[in-house]
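As they're listed, the protein sequences go chains X and P. Numbering follows my numbering, with no gaps: position 315 of the first sequence is 315. Residues are numbered in my numbering as their position in the second sequence, beginning at 1, plus a constant of 412.
Keep in mind the hints are simulated off the structure, nothing from the lab. Since the model is a prediction, treat every value here as computed from it, not as a measurement. Treat the hints with care, as some may be off.
Claimed, not checked - Stretches of chain P that chain X covers, calculated by requiring three or more beta carbons in the stretch to come under 8 Å of a beta carbon on chain X: (1) 429-435; (2) 514-523; (3) 715-722.
For glycine and all other residues, C-beta sits at the position ideal for the given N, C-alpha and C.
Number of protein chains: 2
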Amino acid sequence: MKAELISVGTELLLGDIINTNAQYIARRLADIGIFVYYQTVVGDNPQRLKEAYDIAFKRSELVITTGGLGPTKDDLTKEIAARYFNRKLLLDMDSLQKIETFFKNTNRTMTENNRKQALFPEGSKILPNPNGTAPGCIIKEGKKIIIMLPGPPKEMAPMFEASVMPYLEQFQDCVLVSKVLRVLGLGESLMEDKIKDIIDSQTNPTIAPYAKEGEATLRITARGRDKKEAEVIMAPVEKKIRDRLGDNIYGVGNTSIDEVVAKELIKRKLTIALAESCTGGLLAYRLVRNPGVSAVLIEGDVTYSNDAKMRRLNVKKETLGKFGAVSEQTALEMVQGIVKSSNADIGISVTGIAGPEGGTAEKPVGLVYVGLYIKGKTMVRKFNFPGNREKIQNRTVMNALDWLRRELEHMN
Amino acid sequence: MKAELISVGTELLLGDIINTNAQYIARRLADIGIFVYYQTVVGDNPQRLKEAYDIAFKRSELVITTGGLGPTKDDLTKEIAARYFNRKLLLDMDSLQKIETFFKNTNRTMTENNRKQALFPEGSKILPNPNGTAPGCIIKEGKKIIIMLPGPPKEMAPMFEASVMPYLEQFQDCVLVSKVLRVLGLGESLMEDKIKDIIDSQTNPTIAPYAKEGEATLRITARGRDKKEAEVIMAPVEKKIRDRLGDNIYGVGNTSIDEVVAKELIKRKLTIALAESCTGGLLAYRLVRNPGVSAVLIEGDVTYSNDAKMRRLNVKKETLGKFGAVSEQTALEMVQGIVKSSNADIGISVTGIAGPEGGTAEKPVGLVYVGLYIKGKTMVRKFNFPGNREKIQNRTVMNALDWLRRELEHMN
Numbered sequence: 001m002k003a004e005l006i007s008v009g010t011e012l013l014l015g016d017i018i019n020t021n022a023q024y025i026a027r028r029l030a031d032i033g034i035f036v037y038y039q040t041v042v043g044d045n046p047q048r049l050k051e052a053y054d055i056a057f058k059r060s061e062l063v064i065t066t067g068g069l070g071p072t073k074d075d076l077t078k079e080i081a082a083r084y085f086n087r088k089l090l091l092d093m094d095s096l097q098k099i100e101t102f103f104k105n106t107n108r109t110m111t112e113n114n115r116k117q118a119l120f121p122e123g124s125k126i127l128p129n130p131n132g133t134a135p136g137c138i139i140k141e142g143k144k145i146i147i148m149l150p151g152p153p154k155e156m157a158p159m160f161e162a163s164v165m166p167y168l169e170q171f172q173d174c175v176l177v178s179k180v181l182r183v184l185g186l187g188e189s190l191m192e193d194k195i196k197d198i199i200d201s202q203t204n205p206t207i208a209p210y211a212k213e214g215e216a217t218l219r220i221t222a223r224g225r226d227k228k229e230a231e232v233i234m235a236p237v238e239k240k241i242r243d244r245l246g247d248n249i250y251g252v253g254n255t256s257i258d259e260v261v262a263k264e265l266i267k268r269k270l271t272i273a274l275a276e277s278c279t280g281g282l283l284a285y286r287l288v289r290n291p292g293v294s295a296v297l298i299e300g301d302v303t304y305s306n307d308a309k310m311r312r313l314n315v316k317k318e319t320l321g322k323f324g325a326v327s328e329q330t331a332l333e334m335v336q337g338i339v340k341s342s343n344a345d346i347g348i349s350v351t352g353i354a355g356p357e358g359g360t361a362e363k364p365v366g367l368v369y370v371g372l373y374i375k376g377k378t379m380v381r382k383f384n385f386p387g388n389r390e391k392i393q394n395r396t397v398m399n400a401l402d403w404l405r406r407e408l409e410h411m412n
Numbered sequence: 413m414k415a416e417l418i419s420v421g422t423e424l425l426l427g428d429i430i431n432t433n434a435q436y437i438a439r440r441l442a443d444i445g446i447f448v449y450y451q452t453v454v455g456d457n458p459q460r461l462k463e464a465y466d467i468a469f470k471r472s473e474l475v476i477t478t479g480g481l482g483p484t485k486d487d488l489t490k491e492i493a494a495r496y497f498n499r500k501l502l503l504d505m506d507s508l509q510k511i512e513t514f515f516k517n518t519n520r521t522m523t524e525n526n527r528k529q530a531l532f533p534e535g536s537k538i539l540p541n542p543n544g545t546a547p548g549c550i551i552k553e554g555k556k557i558i559i560m561l562p563g564p565p566k567e568m569a570p571m572f573e574a575s576v577m578p579y580l581e582q583f584q585d586c587v588l589v590s591k592v593l594r595v596l597g598l599g600e601s602l603m604e605d606k607i608k609d610i611i612d613s614q615t616n617p618t619i620a621p622y623a624k625e626g627e628a629t630l631r632i633t634a635r636g637r638d639k640k641e642a643e644v645i646m647a648p649v650e651k652k653i654r655d656r657l658g659d660n661i662y663g664v665g666n667t668s669i670d671e672v673v674a675k676e677l678i679k680r681k682l683t684i685a686l687a688e689s690c691t692g693g694l695l696a697y698r699l700v701r702n703p704g705v706s707a708v709l710i711e712g713d714v715t716y717s718n719d720a721k722m723r724r725l726n727v728k729k730e731t732l733g734k735f736g737a738v739s740e741q742t743a744l745e746m747v748q749g750i751v752k753s754s755n756a757d758i759g760i761s762v763t764g765i766a767g768p769e770g771g772t773a774e775k776p777v778g779l780v781y782v783g784l785y786i787k788g789k790t791m792v793r794k795f796n797f798p799g800n801r802e803k804i805q806n807r808t809v810m811n812a813l814d815w816l817r818r819e820l821e822h823m824n
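One chain only, chain X, in its complex shape (with noise of 0.2 Å):
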């Protein structure tokens, strides 16, 4: 069933509101095997949401709409679709009570246009809506389905899951299991190149790729009659590419490298203290919002200036002198001083260059070194990242985390 959504409402258009809603559908309708092939956005005018229709139907079977279900003259979903499927708009006496309930319960006076808000094109199914004065509707006429749902987030959301969820289920013959692989250590591309002939045979499952910030995804997509099949379908699949890409596949589904370091330090009680330089807290930051580090996290020093990092972290003055506040012995030293205040098991030091100012020839914006101390072990590594300040400051968080990883792992 090839489906598509139309977002109805000016507001979106001027772009004062987001479309949170699309999003929501598209996600829920993936979840059960249905495509959603285009998103559409269109004003409340009467010509151009009849051409939205037109076209839409001209492409997809199932059409879903959000908003243009209210009061005001401007609201016409609903009357534009009884004009396409060519039917009478008629009041329902149910609704019509249902919409005088609420507001009585709610204290406010119904205006004579709320009673447009109980008219249906003949034939339609009616979707309840306990949130709001808008009731939803369907309308199925061969095999086409048009499904009109309210604007609001916190009405629209409630009524697909309580009436729109059960009704599709009843169309889909197959089932789609999706896996969403994460991965660091390897850009979007050469990510690519290292599996594109096993992308490129494939259709079931589907492989797509996708960059994201600092890191990249990779969703893997089977179709089956039911889960256990698409299961079956997905697994040797997910094999050969965890063959492929190795331990640079770090996490699976909705997480982060922040999340996957803070759970394996909480599971394994290790702690950790930081002394951060040029990414200024957002190594702790990235630690602390995960619920439960407090188990863990020691402290964090963001020791931004020379003095701080002498007093804080017994960073010698000849060091800063002789290497320089961004190089490999201070990083060192930061990482044994944090180490030896705090105590703890792991210590992470970064220094480097985040820019736009403050790089030169020999030490260029992007330059990091970061510190790890582990199992009695002191290391440094020297970076280069790409990018702006913030970038710089993602990226070098990210990569400090995923090799703390990496050495977690080889624990084992």
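Given the coordinates of chain X, work out where chain P should sit on it, guided by the hints.
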């Protein structure tokens, strides 16, 4: 000029990501008086993308695409546009060189498919991308204009401002001047209440309030024959609004409370040191993301454990025992400790319960104490923030910085 947006990408159709680009572009076009009539999302499929171009140019003169400029074979936006306009794809040596330099500077291997990003339809105007490897481009043929932009918002938005806005302004016969006032200390609805009569009585300039994460903004847009006339029309209304909102307005345009504070500290050469618990480095990082802050930020201590609070900040064991880590007394000793050890002009401390765990009836999730040392005076404020862990951390940081901003203003 009728405009239409086409967002290209399977990840949008699957609901993996939300279409923030469409909102951004729609809003910016509205600012210069270009109305978007349709927004379409279509996948990385040559046939369907071609049809989307056909439909779009039947009803609009200006088509702006986002996405599909990447290096992989799924990226087809330029290729299909070349086919639509019947033009060859030519290699742009200048762009190729920039891409090669980008890879060289970042020590990454450029793969063969990255060359694809330097191919453009013959006769294109090329739009540089300082934040990534995919330049954008414009094709103008008769009345038809297509503008192709990269998908990642952090690349798209700067390109839109630097290259697309100046390009489009030449087609407009009136000029819109727009100004965004940024407001902290009042919620969106409270702000709207205060100026509702001004909003309702105005058509030129128009006034649009928005809620942003933790703050509110107000966009004033004036229309005139030229920039000067628009500014003259805006001025008295802006003054009226400023009179009503007073020092809740902390900035104008594309700024943030951390930028305002960082600039002010740098200008006044006032040093600062931070002691954070529940925000875990976010406060330090917000300051550090602003270039040049190294001149004033001495250090930040993320004293997440009680041990670190005592060792680093000299918080008394008895204070932690008697009042707890989340208390007015602890916040006070934290800020005194960080100021004493760093010798900074200004100190901020934060301790609170960011949740989701750790709340009690007496000290619920969202309870935060902020300490501020300035001009020899130490103060502590208590806050109760709504929302989840991330929101509480974010609001804590914004309110702490806003407090400092107001104190700095009153120092004049």
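- Task: Mind taking a look at whether chain X covers the region 429-435 of chain P? Criterion is 3 or more residues with CB to CB distance under 8 Å.
- Result: holds (count 6)
- Item | Within 8 Å of chain X (C-beta), three or more residues of the region 514-523 of chain P | holds (count 7)
- Item | Within 8 Å of chain X's CB atoms, at least three CB atoms from the region 715-722 of chain P: coverage verdict | Contact hint for the region 715-722 of chain P vs chain X: holds, 5 residues under 8 Å.
Checked against the numbered hints above, the structure violates none of them.
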